Structures are given as C-alpha cells and as structure tokens.
Amino acid sequence: MDLSVTDFLALDAVTVQFGALRAVDEVSLRVRKGERRAIIGPNGAGKTTLFNAITGVVRATTGKVLFEGADVTRTAIHERARRGMSRTFQITNLFPNLTVAENMRLALRGLSPRKFSLLGSPALNSEEAGRADRALEVSRLGARRDSRVKEMSYGEQRQLEMAMALAAQPRLLLLDEPAAGLSPSERVIVSDIIRALPRDLTLVLIEHDMDLVLSLVDYVTVLNNGKLLVEAPPAEIRLNKDVQDVYLGKARHHA
Amino acid sequence: MSTDAMPRLALAAVLLGALAFALVPLILPTYQVSILTEVLIYAVLAMSVDVLAGYTGRTPLCLGAVFGVSTYVTVYYSSTFGGSPYVGMALGVLAATVIAALFALLAIRTSGVYFLLLTLALGMIVWGICLRWTSITGGENGIRGNVRPAELAAHLPFYYVVFVAVAVVTFVMWRFVHSPFGLTLRGIRDSESRMRALGYNVSLHMFIAFTVAGLFSGIAGALYAMFNDFVSPSTVALTQSVEGLLMAITGGIGTLFGSFIGALAIIGLENAVSLYTERWQTVLGVAFIVIMIFAPEGILGGIKTLLARKRG
Ligand SMILES: Nc1ncnc2c1ncn2[C@@H]1O[C@H](COP(=O)(O)OP(=O)(O)O)[C@@H](O)[C@H]1O
Ligand SMILES: [Mg+2]
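Protein sequence lines correspond, in order, to chains A and B. For the first sequence, full-length UniProt numbering begins at 1 and goes up steadily by one. For the second sequence, full-length UniProt numbering begins at 1 and goes up steadily by one.
Bound-form chain A, shown alone (with noise of 0.2 Å):
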C-alpha cells in the first residue's frame, strides 16, 4: 500500500504475533489530522494491542507505524512520547505512591529538559503549573492535588489517567477505555473532558460504551480476532449487519 505523507497516523499491514496469536492481523489504518476515531471490538480483538504497537510498547512483528509521515516502527516508547503521542492505559497505570500533584509534575516534565535538574527545586514553574492547573479542572481533580493516588477512588483515578495524558499536550492522544468501569455520573465527567479537548488534537478512542462513542467520534474501525473489519461513520456502524453480529450482538448476550 502506498502512504501518503499527509496522513497523521498510518498503520500499514501491521501485525503483532504472540507465539502462535496473531493479536493484531494485517491491520492498515489511516488517520488524518484533527480527526477523532473511535477503535471498537469484543473483549481479545486486538485493540489495546494495536495502541501498544503505535506507541511502541510492543514492537509490529511486520508492517509498520508511520506517525507525521515519519517511520516510528522501531522508535522507542519515550522517543514517541516525544514526537507528540500520548496515552492512557486500560488497567489504570498511576503512580500509586506518590500524589496527585506529584503525578502531574512528572506528566509535565516528561519532555522538558528540567526533568534532569539533579539539585534544583522541585516546585513547578508558573507556565508548568497554570498546565498542571488547567488539566486538573478539566478533569475535576482541582481539589484533589495534595491526595496520595492510592488513596483515591478508582473513578478519580481514571480522570488522573486523562489528565496526564493531556498534560503532555500531545498532538496525538491515544484513550484505552477510559470509560470502563466507572459509574454513570463519573461516565458524564469522562465525555466532558473528551468534548473538551482541543479541536487539532487527534484522539483515537477505544471504548465499549456505544453510546459514548457514537457522540464522540467522526470515524470508527472495528476490530475482530485482530482484524480490521469495517471502516465506517459512526451512524453506518450501528447499522452494519457484520458489526452488529460479531460486537453488538455480543454485547446484546452479555447484558
């Protein structure tokens, strides 16, 4: 397949093979710049897989992850942090000893160079803390800097995990159901700071709430058994008969 330099994020035939499980099959995908997609499919269809091979976390065992137009298949995790990407993790990946302020600063400092000031203060800087302010609103956590992350609710958590995310101020966000699991009223908290987000910034989104997809996004790719099974606008997907056996259908069994 030939890639377009113009695409943001292009994945071309990438596959991630586990011994014998292919997790993610030949999967190409293009996303353009500003666009907000979602990535659907049951439970082992590949998704949180397919992210870890965008942002390097595990490396496609063949194809390749083209990001701004460069090549960053075998680019280490944190050199493509650097470049822009940035993500959450499904199973909620904080730093549980430390606090929410603390978790913040180290958000904010991953790509400045004072991460390496050995003896300097710790305090944050103002332009650093009017970010550190800003995230923290956006995911209501203003109140909540001084707390020891353990000590929160999963649901304060989940917006902690947005809230570095975006600290960052990435131009590619990456959100591994950042809706799971959490109760209605803190589902409403998750679609706010999602609707809020800046307008350039490119989201891909797994999540299973449809509902919360479906409002969101402009685009949705639908995973099964590591494949790429339809590309469509969120109003097609619902009707789509494939979808709707293999996902919806599904879904339909388990409430």
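If you are wondering where the hints come from, they were derived from the structure by calculation, not from laboratory data. As the structure is a computational prediction, the values presented were derived from the model and not from experiment. Check the hints yourself; a few may be wrong.
As the list claims (entries may be wrong) - No more than 20 Å apart at the CA atoms, straight line, and that leaves these computed lysine to aspartate or glutamate pairs for EDC-like: (1) LYS227/A with GLU26/A; (2) LYS150/A with GLU278/B; (3) LYS150/A with GLU128/A; (4) LYS33/A with GLU231/A; (5) LYS304/B with ASP7/A; (6) LYS310/B with ASP146/A; (7) LYS150/A with GLU297/B; (8) LYS304/B with ASP71/A; (9) LYS227/A with GLU68/A; (10) LYS227/A with ASP200/A; (11) LYS33/A with ASP71/A; (12) LYS310/B with GLU231/A.
Following the hints, position chain B with the ligands against chain A.
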C-alpha cells in the same frame, strides 16, 4: 501531604538529630567518639543504598564494594604512591563513580531479584580482584595508609571534620532526592511503563541514579580511608553491601535520614554484642528478621506511619 516541602515537624526532628550528633561526642569517651564517627560514615553509605533501594525501587548489593574501591584508591595513593591524602580521596571518589557507571551499564536493564543478584556478582568481582591482585592490594594483608593528617589524629577533631563533611553530603543528597530528577526516580519505582509513555528514557535515568549513588558511596569510602587508615578485602566484601542495605532498611527505606538511625542501631548493636559473643553475624541476621517482621518500614518509616495515622 506533599512530599517535597519538609514539614515543620520533620525539620525540627532533623535539626534535633544534627544537634545530638554535634554535642553528644563532647561527653563520650574517646573510643565511643570513634564509633560515632563510623556511624556518620556508614550513614552516607546507607543513604546511597537508599537512593537506589528506596527511591528508585532497585535494591543494590554492590555499593559496599564501590565504597571499598574508593577506600583502596585513597589508601593506595597516599601510602604506596606517597601522594597527598586529599588528592587521594578525590581520586577515590572518582574511581568509585567510574566503577559505579560501569556497573550501571550492566545492571540498569534488570530489576527485582535479577538486579539484586547481578549487583551482588559485580561486587564479588571487585572483592575477588582486591583479594588476588596482591602486588597492588597486598592481598589479605591489605595496605596500611597514610591518609589521616597529624592534626586530625585525635578522635574529637577528626569527628567534627567528618561531621561537617557528612552534613554537607546529607544536604546535597536531600536536595538530590527531592529535585525534579529525584521525582523521576520515584516515578520509575512506581511505574516504569508509565514513565516511558510520558517521554522518559528510563534506562538513562537509572544510569544517572546508579552513578550518583556510586559517587556518594565513594565519598563515604574516602572518609572511611581517613578514618581507618587501613584497607583490606573485608572493606569491599559482600558484608559491607549487606550492612549498608540493612542500615537503610532498619532506619526506613525511602526516608533518607533513616539511614542515620539505621547506622546507629546496627553499629551500636555490633559493638554491644561483640563484647559478649563472636557470633556478630548471627545476631545481625536475627536482628534483621525481627525488624522485617515487626517493623518492615524501618524505625523512621514506622514513626512516620504512626504520626500520619494519628493526624489522619
Ligand atoms: N503481551 C502479550 N503476550 C501475549 N499475549 C498477549 C499480550 N498482550 C495481549 N495478548 C493477547 O492478545 C489478544 C488481544 O489482546 P488485547 O489487545 O488486550 O485485546 P483488547 O484490548 O481488544 O481486549 C488477547 O488474546 C490477549 O490475550
Ligand atoms: Mg483492551
């Protein structure tokens, strides 16, 4: 409660502790002043262990050897080579830092028990070399030094020189663990994968942390050269690393200042017990088990938890 600004209570406790270390020697017999000197020196070793074990989440078993390399270089330079002891100490610290950087290259990609075993093996190599390279190290006989200048021969003035040096080093280490870089180490301890996703080159941060810990161990080793004026393979032996770790754990891992309590407890116990029995190592082992069962957070760690519970 935020962990970077030192709360008033903690500051008061630190000042009180420093005051005690400053005044108590004035009323102690000279032999015990020398024990207290040793406590201060080993507290620096324990703090460097804490930088890795407590703040970075990697338990090293080679910093005793790194400490000893500095001692060897300092003693060798001042006696066999006949150079200035202060230049010798600087060279000792430099050698320790270089060795630590080399070890770091090998160890930073491992964690957990693999890190423990790899650093143990690296420390054993140093010990083996010091034991076998007799033409330089004097083998089991060791080397007698010429490090301590005549004006510091008396116990008390020497104690105060060490006290000032250790105070400065402790302040620098406190700044280090609370710096932006120090925070990245606690981030690595809690979640390496999140750190990478945030743009941190975890291996590079580990390398720097390991090397800095080696530098501080080297400072302790150089002071020890001046304290002991003698070095033999027992200074680079595994027991040194284990004792440093034990002091850090006894005081409270991840508390930095706990190392002073730990060093005081372990060296105090060592001296008290050795009056009655030769089996010092056995007693040490038993003491360690008791601590792990009854105060796994260490003495200072336990006090902090108690205070937090009272307040909360
Ligand atoms: N690191 C790994 N090693 C082995 N198998 C894995 C690994 N990560 C995921 N898998 C497997 O790959 C498949 C897809 O998993 P995942 O990407 O987590 O699915 P999803 O996020 O769509 O639920 C699953 O069968 C899972 O067990
Ligand atoms: Mg998943």
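Results of checking the hints against the structure:
no. : hint                   : verdict
1   : LYS227/A with GLU26/A  : 7 Å, holds
2   : LYS150/A with GLU278/B : 46 Å, violated
3   : LYS150/A with GLU128/A : 24 Å, violated
4   : LYS33/A with GLU231/A  : 17 Å, holds
5   : LYS304/B with ASP7/A   : 54 Å, violated
6   : LYS310/B with ASP146/A : 18 Å, holds
7   : LYS150/A with GLU297/B : 17 Å, holds
8   : LYS304/B with ASP71/A  : 50 Å, violated
9   : LYS227/A with GLU68/A  : 24 Å, violated
10  : LYS227/A with ASP200/A : 29 Å, violated
11  : LYS33/A with ASP71/A   : 17 Å, holds
12  : LYS310/B with GLU231/A : 57 Å, violated
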